[in-house]
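Enquirer: Sequence lines, in order, name chains P and Y.
If you're matching positions, the first sequence starts at 1 in full-length UniProt numbering and goes up one per residue.
If you're matching positions, the second sequence starts at 1 in full-length UniProt numbering and goes up one per residue.
Please note that a few of the clues may not be correct.
Which copy is meant is left open, because identical chains are indistinguishable; a pair holds if it fits in one copy or across any two.
[Said to hold, decoys possible] Lysine to aspartate or glutamate pairs mimicking EDC-like chemistry, simulated, CA-CA at most 16 Å apart:
hint, residue 1, residue 2
1, K247, E290
2, K374, D272
3, K337, E25
4, K22, E330
5, K48, E441
Think of the hints as simulated: they come from the structure by calculation, not from any bench.
Quick caveat, the model's predicted, so the values are computed rather than measured.
Protein chains: 2
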Amino acid sequence: MKYRSTVTPKLHSLNTLNPQVKAVEYAVRGPIVIKAGEIERYLQEGGKKPFTEVIKANIGDAHAMGQQPITFLRQVVALCTFPELLDSPSFPKDAKWRARRILQSCGGQSIEGMFWSYSASKGVDCIRQDIAAYIEQRDQGVPANWENIFLTTGASDGIVSILRLLVSGQAHARTGVMIPIPQYPLYSAAIAEMDAVQVNYYLDEDNCWALDVHELHRAYQTAKEHCQPRVLCIINPGNPTGQVQSKKCIKDVLHFAYEENLFVMADEVYQDNVYAPDCQFHSFKKVLYEMGPEYFNSVELASFHSSSKGYTGECGFRGGFMEIVNLDPEVKSQLVKMLSVRLCPPVTGQAAMDVIVNPPQPDEPSHGQFYKEKGLVLGALADKAKLTEHILNAVPGIKCNPVQGAMYAFPRIFIPPRAVEEAQALGMQPDMMYCLRLLEETGICVVPGSGFGQREGSYHFRMTILPSAEKLKVLLEKVHDFHIKFLNEYSALDEAQRSVS
Amino acid sequence: MKYRSTVTPKLHSLNTLNPQVKAVEYAVRGPIVIKAGEIERYLQEGGKKPFTEVIKANIGDAHAMGQQPITFLRQVVALCTFPELLDSPSFPKDAKWRARRILQSCGGQSIEGMFWSYSASKGVDCIRQDIAAYIEQRDQGVPANWENIFLTTGASDGIVSILRLLVSGQAHARTGVMIPIPQYPLYSAAIAEMDAVQVNYYLDEDNCWALDVHELHRAYQTAKEHCQPRVLCIINPGNPTGQVQSKKCIKDVLHFAYEENLFVMADEVYQDNVYAPDCQFHSFKKVLYEMGPEYFNSVELASFHSSSKGYTGECGFRGGFMEIVNLDPEVKSQLVKMLSVRLCPPVTGQAAMDVIVNPPQPDEPSHGQFYKEKGLVLGALADKAKLTEHILNAVPGIKCNPVQGAMYAFPRIFIPPRAVEEAQALGMQPDMMYCLRLLEETGICVVPGSGFGQREGSYHFRMTILPSAEKLKVLLEKVHDFHIKFLNEYSALDEAQRSVS
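Can you make the complete structure from the sequences, with help from the hints?
Expert: Here is the structure:
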């Protein structure tokens, strides 16, 4: 037997680890959130801070922020889980009807047939059919084929699966993936892990974070010098920007994708979260259809949706789906094979998704309550979107674009040059230092803009608009006071007022 | 605008696809299962076959085969999903108590606190603590630290995560991953996708599929010539073999891993599925502990468990966990980061896992029913394991090792040389041809041994022992008749009797 010293160095260390895993970053649950958890525990154990609670505005987790779940959705999932409840008089008929239908489509050949287990890897057939019907209605008649719908474990799972399918990390043919900056860091994380090339296109902050197709061209041409750009990722409504794309913009993007042979990944998980009265959600697929068969029959597209956002906010069930358009049949078979290795998405998430695409109809008993609850959630979000924008824009040195949709504000913050230097001396991103101080001094947890990407020399943070109106006001007032104090500390109040306006 | 012909070739075709995805194979839901689905639909639509139903013995999906879920587990998950039920008199107190506790640990800082949403990426704290307590009890006092427990989306997710962490596909340092042959094809699929090197070690069919440490040495030495073996995967109880490893064997394996600096991945998802009276499940961690601190403080180990197997068979909730031992703290941080990108495992699966590790105690109201149901399931499985072995061994040309544990029989089948030639002429694996004919002629769906790996020139299939006893008997009799007919067709009955015995 070989001799080994008592202080054994681990066989697997950072040195031997998969370098692509090391390259991954994910700020939404990154260092600042870990710090927030530590402070929270410290407070719970009786520790003292200048505040009594940590407000987590770092992640789009509606229920954790006190939003009530949609009753009907929870009823359907509970009925599917414990079918004895199908006999209970306290559950409405329409919920029971849906649960029975899902269970029947789920169990397959079992005689009992009423206990869900593994589903097909693509998802339960009747749910895929419901989703296709929903998409046709949403897109005013544009055809949707249920065979092109795949249930996923949240939208993240679908996005990663499609990227893995299309992206090759091989040295001689590294795939370029175009992503917006700022972006949702799942994209950069997946690209790093797959050893693909991240190709940044910058959204136009001065134009309410709109996507400018000239910038797409610039990014594409630059990238072509060192990789093969194949995939174009879009997030609409935008995360973290809250921007809602116009139909004109989507057309330009699709035309560009058509010309440059790019696979379009449309992250449309916030499709139900549009608040600005002059904005409307247009699906990429619908716009593609309107551009005519030359486009509709050729541009390859995947669209992603989720049960975690919208008005349901069901993050824990991990529900989601993707629709693929124009995928080569052989490539589709490869996708199915890849999905089958992971067996199936959670059935609870599939059922949650079914309720979203197949809500109670006017003649069904749950219709009233469902739409009342939905309206309350979306109404409150719209109010909080406005409130957030207004209060932030009243702070000297903070400028916030309108929160047209999604669940986040991504304000630009002025950080005085001396503070920037201080951060750099600490080996820290300036906005990371800012957010850490905000957390330490006020208990508010937001994510630094550097976690999403931003133009060199500009600084931001992302905050959710999910806390209750009351708590959100407290949060925003604390940000206001903190920011002024921060500026004063560097005697930079006047400078800030001139700089960001 | 560029001109494009009307019959547009897809931009992304098999040629441009990620080559690692193309290399993936997964027989458990592969071509034969797709074919079975087609036949099923054909029958449903009134088509005629020599049988009236397809019996799917291809996948370990207990509820689809008519096994009843454990009532208590479903109650807890339903209560967590729809907390209004906490006021219902028709749910037992112990189920309510568990649901409340999970929800409280789940919701974090929300005042309402009773609606689960995202959990921490590692899983709900109180569930991780319950799992650690369960492991300590299972391993008769060997310490388990809850900070080393991570909830996963089924065991597959944990296995893939650990492999991704450890495995590098980079040309100059390709990682070798040692896997048993036959294996569960998740392993080969993940290795192919990550561009690592699959290092086969063969289990000893003549010795009831036992693992022979000399074979490990052989495989390791051979592999070292072309890759860097870093990981050793073990499946115990075995899938597809049904073998249960002795403590002596586990010690030998751990000693080998210690000497050769291998990270041990112990797939122990069938730990509750041991039927043979002379066999017992020993966890790799417990045996490692018994080998003394020199081993226990140095061998890096990950053990995986699942809610999909055992006596619960809850496949749809996608519950699972892993325990990691001796991981370098920096590597552990990287693992946490990687898990956080996917946000969290489904909360329903986490709750299901909690019931498994924290079942009703003798003084709790659900204790009686719980253990009655558990006993029924495990008793029936033990009977069916015996039944399967006996009936298969009575077929000339079929030899089946005892099904000591897990949920599968993996009998060796004699395929006459002329049939082998015929298959090869069709460009098909001989056992694939056999299984396809079995399906077409009898409606029985099993998976060819080539999907799991087998010694050159030997043929097998994997079948689950999950159908009801009555249906299982029918299935086995049909296999019996089919096999004899198949042999007669090639005038090979005598040859078969001599060959496999």
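Enquirer: Each of the hints needs a verdict: does it hold here or not?
Expert: Hints, verified against the model:
1. For a Cα distance limit of 16 Å, the shortest separation of K247 from E290 inside one copy, 10 Å, qualifies, whereas the shortest one across copies, 67 Å, does not.
2. Taking the closest pair of Cα atoms, K374 and D272 come within 16 Å of each other only inside a single copy of the chain (10 Å); across copies the shortest separation is 44 Å, beyond that limit.
3. Only between protomers do K337 and E25 lie at most 16 Å apart by alpha-carbon distance; the minimum there is 7 Å, versus 28 Å within a single protomer.
4. When the C-alpha separation of K22 and E330 is checked against a cutoff of 16 Å, the pair qualifies only between copies, where the shortest distance is 10 Å, while the shortest distance within a copy is 33 Å.
5. Taking the closest pair of Cα atoms, K48 and E441 come within 16 Å of each other only inside a single copy of the chain (12 Å); across copies the shortest separation is 74 Å, beyond that limit.
Checked against the numbered hints listed earlier, the structure breaks none of them; every hint is satisfied.
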